[in-house]
Amino acid sequence: MTINLQRAGLVGRSMPRVEDAALLIGRGRYIDDLPTRRDTAHMVVLRSPHAHAEIRSIDVSKALEVEGVHAVITGDDVAALTRSLTVGVKADVECWPIARDRVRYVGEPVALVVADTRYIAEDALDLIAVEYDMLPVVMDPEAALQEDAALLHPSLGSNCIAERSFRYGDPESAFAEAKHRFAIDVSYPRNSCTPIETYGVIAEYDPGEDAYDVTANFQGPFSIHAVVALALKVPGNRMRLRTPPDSGGSFGVKQGVFVYAILAAVAARVSGRPVKWIEDRLEHLMASVSATNRATRLEAAVEADGRITALRWDQIEDCGAHLRAPEPATLYRMHGNMTGAYAIANVAIRNRVVLTNKTPTGLNRGFGGPQIYYPLERLMHRIADELGIDRLEVIRRNLVPSDAFPYRTATGALLDSGDYAAALDTALANGNFDELIERRRQARAAGKLYGIGLAAAVEPSVSNMGYITTALTPEQRAKAGPKNGAQAVATISIDPLGAVTVKVASVPQGQGHRTVLAQVVAERLGIPFKAVRVNTELDTARDAWSIASGNYSSRFAAAVAGTARLAADRIRDRLAEIAAGQLNVEASQVDFLDGRIFDRLNPDNSISFNRVAATSHWAPGMLPEGTDHTIQETVFWTPEQLEAPTSKDGINSSLCHGFIFDFCGIEIDPATGAVRIDKYVTMHDCGRVLHPAMVEGQVRGAFAQAVGAALFEEYAYGQDGSFLSGTLADYLIPTVMEVPDPVILHYESPSPFTPLGAKGVGEGNCMSTPVCIANAIADATGAIDITLPLSPGRIGDLIFGEEKPSSQPQTRTPNKSSSGQRQLTGQGSATVSASRQTVWDMLLDPATLEAIIPGAHGVERVSATHFRADVTLGVGPVKGRYRAEIKLSDMVEPEAVTLSGSTQGALGFGNGVGRITLREADGKTIVGYSYEAGIGGKVASVGGRLLDGAARVVIGQFFQALARHAGGGTPHGGLLSRLKALLGGRS
Amino acid sequence: MKPPAFDFVRPEGMEEVLETLHLRSSDARIIAGGQSLVPMLNMRLARPGVLVDITGLRNLQSIHEVRGEVVIGAAVRQAELEAWPHLRRKLPLLAQAIRWIGHVQTRARGTVCGSVAHADPSAELPLALIALNGSVRLASQRSKRTVPAADFFLGMMSTAIAEGEMIEAVTFPVAENGTGYAFREIGRRHGDFAIVACAAVADKTATRLAIGGVDDHPRQFDLPQENGDELDDALNDIAWALNARDDLHASGRYRRELVRRLGRETVLEARSCRN
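Those protein sequences? They're chains A and B, same order as listed.
In terms of our numbering, the first sequence has 887 at position 887, counting the first letter as 1, and numbering is strictly consecutive.
In terms of our numbering, the second sequence has 231 at position 231, counting the first letter as 1, and numbering is strictly consecutive.
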């Protein structure tokens, strides 16, 4: 036999992904594909249509009557079997996975139905009657802090659930002495990295052992397992959590499925059968988790040459209606890196975490990064412009010096490796920055709007499990005991035929962990790539795991693959000792390649890997004295650099710190405000690259999602708390048509802290790209206040200038409401061929109301001025049945009356107030009306684009019917005249 | 996202379709391509008791020209119209507009008449019907009638289709010599609902501009023949007359600005391609 000693290693090559064959032929095994027990029932969730309301009553009796329904479960039923979720800060607040006495965001679970099929369950859901008393809403993080703001959790006494101030170095003196101070205010919006596969859970309960068995497409961190077990009031070993073999994406979002794992577990227990729940897209967009939105004021103390001597951060983090684990982690994940890629010695930070009537937040790719780099890199751009210094130069002058690594930042991070200045220069050279400057010059000379943006960032990876405790005071931390580290685990097993299996607790969501692990282990053991089989399913009842297990904070390459390498080292050392005896050489002389174990000095003296590997099974007595078996080796690894926060709040929040430098050229269409990304260059130093194609895939993926965040995506809410982006027609994810090809460059500075020298790379562009694009827009338009996402409408506001007024007086006030407000107003009049008294009497008559209320089925007279009706309302095919309450007030017989109404049904709710005036004219009556109406709930979430027009149609039907019922008439003005005009032809 | 139970019938003749519509009236919905109706069913926004599938009816499947009009049957899919060999010559405006309708995949299912019946304010086919002064042929068990496009669209997703009626076909007048046609649209991504869409028809004596995406349904306006300030003033008045509203994707002000700018581009293009 011959052994090719020169053959290159496997690590660092783009091996074909072992995952792809199954996925490409439709053989993936996602949660919805998994076999379930024959008696498995389906769960659906009734969700709140209101952003903030007290629950007055829930009547589930009709739902329980539906054939095939096994259980209907309310918040109190859940509370009886569980305990409030653990909250990550010290606060007097309860945190339930389902509403009890109050709903606090649109989409909050209110009740669960368990039935034979999802169809039946949804039928029953429609029959649950909930009465709500609406409360004022708080939608904005700064407004949440106002004295008069409505309180979400009265027990807290405030909407601010956590506040801490930090001081590093001497920021006060730095600001006092600085030549310049520049500040920026930023409101970073809500968005999400939206996986194709939504949440899914299959849960069982074994009453014999009081144990839950839950399969969920959860992604970690498995610290959440403790939260789930505590909530379900069982020891951890009675809360078995398993993950499916394949995942349809997560990007952090699937961490939030744990709430539903608890609900499905309770539903299984109550209904006495396994329960399956697959989230639908509306549920996902409305109520899975969102990244946080944040209001930030960032101030810099700056020398004349552009050197920054101090930063002062004031951050107000909006975590939505509940502080769900692991929040407020989004705010603290970057705490060690609050100075970005720069050497800034003095930092002051004020962090406030507020609760508002929005979906609770959670993990999301880039986690905390975009929220800080947006203000920091916008401010760098501003500093350069204000001082008249080249923008690149200001970045350069502030970068962490090349000879300073490992570098301790002011706030405590230990930047492991890098040469930021060299990486930046390489990017400029290899990305042809000069050519881009020339392109801008030519474009501007041709009258085009063209801008160049820059952004530098440090990309943290492998989170310190202790960083979240920075949210606590040093005293609170001392009391709770230190938390730190990031336990990664890998197990290598060898079977009796010598085949190698690797198991890790990494829970991949499509990243290709199995491929890279096979590379790492096969290379180390000198066996073919295909000889290694990797299993990444996780079962907490059988596998090795720890709280840091899972797939988040870009930890795989650095921590998990590195730990697999350490396990392979141990197995290899033992195999070498076993082989040494058989080859009659020293163990130190033994090498591994091509499935053979051999004497390095005499390669012909060799033995097959499988034979040596199988020895521990077949002939354990043959193992050399003092050499342990090679059947299975499990390694836990936690880096020593991840220490608990210091008494002065210094925190090395992450183990690795990659470097990113991006620049881009953007052209704006002056006629439409449409943005075209002309060129995008992204430079990454992610340490040693283990698989170049996968690294490129990570960069491209994060870049696409960042383009979405910059230009398209926003979880939008109305001022009344309605959720407005409940479909993918309103929550716009960029497609391949909207995402240009980025130029991807690399600069490799291996990390000294990880076994393979690798760092994370999966999230960087989510941090750097939104602000890089915003800086280019600022360069193109000269605008300073740039708010994401940069829709053409927002760009239009920057470039269109003063609007040309109409030549004719406006009969209708143009809609002045800000986007998202669901308040509708209208007015008009109709001439009715009847006396004023006749019309007046009609208005007070249930028979009239029944005739003129669109779709009324029987009007019940509660009092002389209060009516109740069942109505079917809608336009076109969109129809829903509602319960309507109509009240008459401010009556001035027979001249005027105020009609107020509210409706509530499965599709949503509406309320409106109309003032009707009656005026006599030539024996006829002119009925004048004006109204204000608001609409929310499901219709607002999925049909916001059509809602205003649809509501006008319905309101129009009412007044049309009123005129018709009163003896016909000639409507004129406002809506009715428009309707008539339409019927009659052109306007 | 599962619909409530409904009956499903796939009749073999028009009589059965119209009888079902007559008997079930507002409880019945026609289904052809299902590109708007099926999502509404799944979200339980629509709860018809019976769906009447007309895709099997041969007499609704044709595109043919009669007396200067192109008649498109109710079961004709958008992709079939797109592939109709005479489209560019007979209906040049539709040839331009049709690629803006959703995506290849949705056009393969969606029907021409279904889009007209749905009357989405941003939809391209209702806009083209208005711009070209087309008409809609309605049939019920009792009678048939033809409604001009201008009288057909009443509001947001509201049309002149009465209970028991269905669209049998829509008709578009065949393009005339000496007339120019142009179509422009701005959406956030290709295939998205239009923020503003413009269709212009210009001959030597008159120019019509139809605008979709702004008001509750597409609207048509006559424009002066000049290209200068008079055109701008007219477009400005149109912009203000359209009741532009704010939504997630654009402000009313942005829509008005696009009416002025895109409207002007569309008109000039239509005038430039008069032959």
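Mixed in with the good hints, there may be bad ones.
As the list claims (entries may be wrong) - Below, computed lysine-lysine pairings styled on DSS-like, alpha-carbon distance capped at 25 Å: (1) 679(A) to 448(A); (2) 204(B) to 62(A); (3) 2(B) to 879(A); (4) 483(A) to 648(A); (5) 90(A) to 924(A); (6) 479(A) to 233(A).
Since the hints were made in silico from the structure, they are not lab data.
Review point. Which numbered conditions among the earlier hints are violated in the structure presented, ordered from lowest to highest?
Key: 2, 5
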